[in-house]
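S.K.: I would like the entire structure built from these sequences, with the hints used as guidance.
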Amino acid sequence: MKKNTTEDKTMLQEFLTSPKALARLQHLPLQQRIQFVQTGISKVQLTAVKKILHFDYDLLSRLLLITNRSLHLKKEHDLFSTSVSDRIMAVLELYSFGYEVMGGYADFHEWMKQPSEKLLAQCPLDLITTHPGLLAVRNALTDIQFGHP
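Taken in order, the sequence shown gives residues 32 to 180; the numbers are from our numbering.
These aren't lab readings, by the way, just hints derived from the structure by calculation.
Below, a list of computed lysine-lysine pairs in the BS3-like style, where the Cα atoms sit at most 30 Å apart:
#1 Lys105 - Lys74
#2 Lys82 - Lys105
#3 Lys51 - Lys106
#4 Lys51 - Lys81
#5 Lys74 - Lys144
#6 Lys51 - Lys105
#7 Lys51 - Lys74
#8 Lys82 - Lys149
#9 Lys81 - Lys144
#10 Lys144 - Lys51
#11 Lys149 - Lys81
#12 Lys81 - Lys106
#13 Lys81 - Lys105
#14 Lys82 - Lys144
#15 Lys144 - Lys105
#16 Lys74 - Lys106
Okay, the calculated beta carbon distance ranges per label pair:
#17 Cys154 - Gln62: 30 to 40 Å
#18 His108 - Gly178: 39 to 49 Å
#19 Asp109 - Met42: 17 to 27 Å
#20 Leu90 - Thr173: 21 to 31 Å
#21 Thr161 - Ile65: 18 to 28 Å
#22 Leu166 - Asp89: 16 to 26 Å
#23 Ala152 - Val75: 29 to 39 Å
#24 Leu104 - His179: 37 to 47 Å
#25 His179 - Ser101: 31 to 41 Å
#26 Arg55 - Gly178: 16 to 26 Å
#27 Glu107 - Gly178: 43 to 53 Å
#28 Pro146 - Asp89: 16 to 26 Å
#29 Ala152 - His179: 14 to 24 Å
Computed from a predicted structure; not experimentally measured. Don't be surprised by glycine CBs; every beta carbon is placed ideally from N, CA and C.
M.R.: Given below as structure tokens:
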């Protein structure tokens, strides 16, 4: 079984205290973000993500490609698999980037719920359930960042 060290748990937890803290996640060195995924993200950490991002378990299960039941059956300190931890990190990195691009979390959360012409008139939140959709949302944010319509 993977071991989520106290140092890894504490360091990741620092980014899960508020949207402002989460915005700094994307600036962590790549190796550290990879380490979080490889050691596994815990149910406690996912619960913090759920709270910060204002997600419910139904949305989380869609984004993480696991059943709602699996989410509920996980115990507090159980670790998610590498593939689920990778999906969690991908969503966290997207939100971290989005907070920076939009200048705050409220505007970004609203943008994620609005259909976008750049995204085939779909809501970004609906698209990030797949890897290509997540990349398209990231590209749309990059366009916004650099002032491209």
